[in-house]
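Peer 1: Make the full structure from the sequences, and use the hints.
Protein chains: 2
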Amino acid sequence: MTTINDIAKRANVSRTTVSRALNNSGYVSEEARKRIMKIVEETGYMPNQSAKSLRTKRSGVIGVILPRLSTETSTRVVNGINEVLAKEGFQILLTDTELDKKKEIEYIRLLKSRHVDGIILLATNVNDELIQTIRDVDLPFLAIGQDLPEVTSLVYDDYHASADLTNMLIHKGHHKIAFIGVSRDDPSVGIMREQAFRDVMEREGGVIKDHWMGTGDFSIDSGYEEMKKILRASGKNRPRAVYAVTDRMAIGAMEYLKEQGYRIPEDMAVVGIGASSLSQYVSPSLTTIDYFNKKAGQQAAELLLAKLKNEKVEEKFELTYRLILRDSV
Amino acid sequence: MTTINDIAKRANVSRTTVSRALNNSGYVSEEARKRIMKIVEETGYMPNQSAKSLRTKRSGVIGVILPRLSTETSTRVVNGINEVLAKEGFQILLTDTELDKKKEIEYIRLLKSRHVDGIILLATNVNDELIQTIRDVDLPFLAIGQDLPEVTSLVYDDYHASADLTNMLIHKGHHKIAFIGVSRDDPSVGIMREQAFRDVMEREGGVIKDHWMGTGDFSIDSGYEEMKKILRASGKNRPRAVYAVTDRMAIGAMEYLKEQGYRIPEDMAVVGIGASSLSQYVSPSLTTIDYFNKKAGQQAAELLLAKLKNEKVEEKFELTYRLILRDSV
DNA sequence: CATTGGCATGTAATCGATTACACATTTCAT
DNA sequence: ATGAAATGTGTAATCGATTACATGCCAATG
Chain P
1 MTTINDIAKR ANVSRTTVSR ALNNSGYVSE EARKRIMKIV EETGYMPNQS AKSLRTKRSG
61 VIGVILPRLS TETSTRVVNG INEVLAKEGF QILLTDTELD KKKEIEYIRL LKSRHVDGII
121 LLATNVNDEL IQTIRDVDLP FLAIGQDLPE VTSLVYDDYH ASADLTNMLI HKGHHKIAFI
181 GVSRDDPSVG IMREQAFRDV MEREGGVIKD HWMGTGDFSI DSGYEEMKKI LRASGKNRPR
241 AVYAVTDRMA IGAMEYLKEQ GYRIPEDMAV VGIGASSLSQ YVSPSLTTID YFNKKAGQQA
301 AELLLAKLKN EKVEEKFELT YRLILRDSV
Chain A
1 MTTINDIAKR ANVSRTTVSR ALNNSGYVSE EARKRIMKIV EETGYMPNQS AKSLRTKRSG
61 VIGVILPRLS TETSTRVVNG INEVLAKEGF QILLTDTELD KKKEIEYIRL LKSRHVDGII
121 LLATNVNDEL IQTIRDVDLP FLAIGQDLPE VTSLVYDDYH ASADLTNMLI HKGHHKIAFI
181 GVSRDDPSVG IMREQAFRDV MEREGGVIKD HWMGTGDFSI DSGYEEMKKI LRASGKNRPR
241 AVYAVTDRMA IGAMEYLKEQ GYRIPEDMAV VGIGASSLSQ YVSPSLTTID YFNKKAGQQA
301 AELLLAKLKN EKVEEKFELT YRLILRDSV
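Residue numbers (UniProt numbering), protein chains in the order written: chain P, 1 to 329; chain A, 1 to 329.
Keep in mind that a hint or two might mislead.
Simulated coverage check for chain A against chain P, where a stretch passes if three residues somewhere in it have a Cβ under 8 Å from a Cβ of chain P [said to hold, decoys possible]:
(1) 34-47
(2) 87-100
(3) 113-124
(4) 235-244
(5) 271-283
(6) 301-315
Read the hints as simulated data drawn from the structure, not as lab findings.
Where a beta carbon is used, it is the ideal one built from N, C-alpha and C, also for glycine.
Peer 2: So, in structure tokens, the structure goes:
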């Protein structure tokens, strides 16, 4: 492996000059610069990033913490992040918490020790230890998906998105709507979306029944199972629509409905949230809400870059969404 | 930021002893060890990885190079890789070439300069400069998806998978099969799959016509467009089945067929490759081939770990696959 | 009792970069 | 002509860890 010293020797200068030439800092004669660059070309020399990072305290690496590596949402966000960061010469150090809150905290520390320049967290929950850890590591930090106090957060407007979706159902004539949510550990998905649903239903005179309210775990299977439970518990007085807080659960619900011979949307309307690629190609195509995840990733990366340049950035950002009306309603 | 020196001072030992305690190397008295560990706990000290890596030449980071961050195949593979590596305390440094061959090479060098311990490349093409670069960086290296000479490669058995799929179509009574492939830049997908198709068709008396052979670009849209072209060019004597080399293109083709009122599979059978989650939920569900991408990722990671431990590993590995028969045939 | 070897710890070199500071030379304004 | 400013280069310290080598102690061995 060639080092800066090798280059210096071959170019007959000190390594100081090589460093200056490479980083465009200080004065270097045109002559020396050319000589150095030529040798750099020839040898394919690349500065050792560990050494550089040790000295400068910057690594050109951004840590990204995901709840799950294999969901479309995560992938899209990472894609957006990467697009922006790669352009600026940053790399992504990826970690996957597998939805484990302990790991979330552990990884924040780990990334710090790995000298990342900043961290983007796709947050799924909010708790004091997490906030404390983020404060401790004292790095440019960005959260996506949950509103973390005193942390720059990009949040989806879950409340209004959910309210719009519910409203739409009601205005299409559905008053009896089943709901498939998730655990309240996840404030955005588990609480906000449900709250908006309940608020709108109440305001607009919809019918809410306890046994029409299911709780899944984000998976397609859980959507299927919850739908089954709801219909079995309902008997004759069944809901005429079902609102699942994620596309995957909505698609699970659709599967069960189709199996049981219900026609969608005539017998039962179905809606989800997320605009997954699945939602577009299932039959009938699923009405859903697009959260523009990729754009969220891009914006997060841009904000992080601004922070790295010591620009002041606001603390809260609300992301936009779009209702996509399709054939399932 | 606390360093090893801070710990040493507070524990009244030299940093050598702290290092030994932390790495379980050499002798450390039980007493000293306890004192050190206690302070480490209290301060939440984590060794600076840049310094460590500079000295030891190992970073605990594995570079992963993807052709595209946002495909299901990539995601599954990365997921498998991460599962295995995380367990061993490795992190993933992610790069996305956006299908650019230049970047592929650039990133290999970059990862080297970042001191990664090894590289896993999801390869999409094979060329001399690539091989040369891999040889140059001289790192534990693993390729997935293409057979790179003199590089440990995990390859999908594209030829036999494609042959099986074609055979299946023929034995279901389809002799007139359209084919939607991709550019020959990609040996595995662009050449092997087509070659197997042609070989089987010839052997089994299938009908191949030039205007039944399309070339897409992996996207759903391109599947749609190619299907349109093929049917328009065919007139009355149209194919009775279409084999697209990826699920996404198959789904695009299905979209067009459905739009035009063809019944699947009665009027036209459709098959793809990849076992995407889409394939399961489109209507009718798509017959496809599962390449077990996640397992491929796991195996790649395991092999890389073996290499890191200086174990000898073979150069070529053939991955298994599974034909999934669904309703589109 | 002298010697050997295990245990515990410390000193200082080292990894490969950046950078404060010093020094020499050239340029330029007054 | 002269001092100040600009230009070009080098010396050596530094970042935070690991590790070869040295040293001292103590118990066991013959």
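Peer 1: Report holds or violated for chain P covering the stretch 87-100 of chain A, Cβ cut-off 8 Å, minimum 3 residues.
Peer 2: holds (count 6)
Peer 1: Count the residues of the stretch 113-124 of chain A whose CB lies closer than 8 Å to any CB of chain P, then report whether that count reaches three.
Peer 2: holds (count 3)
Peer 1: Is the listed coverage of the stretch 34-47 of chain A by chain P valid when you require three or more residues with a beta carbon under 8 Å from a beta carbon of that chain?
Peer 2: holds (count 3)
Peer 1: Please verify the coverage claim for the stretch 301-315 of chain A: does it have three or more residues whose C-beta sits within 8 Å of some C-beta in chain P?
Peer 2: violated (count 0)
Peer 1: Verify this for me: three or more residues of the stretch 271-283 of chain A with a beta carbon less than 8 Å from a beta carbon of chain P.
Peer 2: It holds, with 5 qualifying residues against the three required.
Peer 1: At a Cβ distance under 8 Å, does chain P reach at least three residues of the stretch 235-244 of chain A?
Peer 2: Per the Cβ count (0), the hint is violated.
Violated hints, listed in ascending order, are 4 and 6; each of the other numbered hints is respected by the structure.
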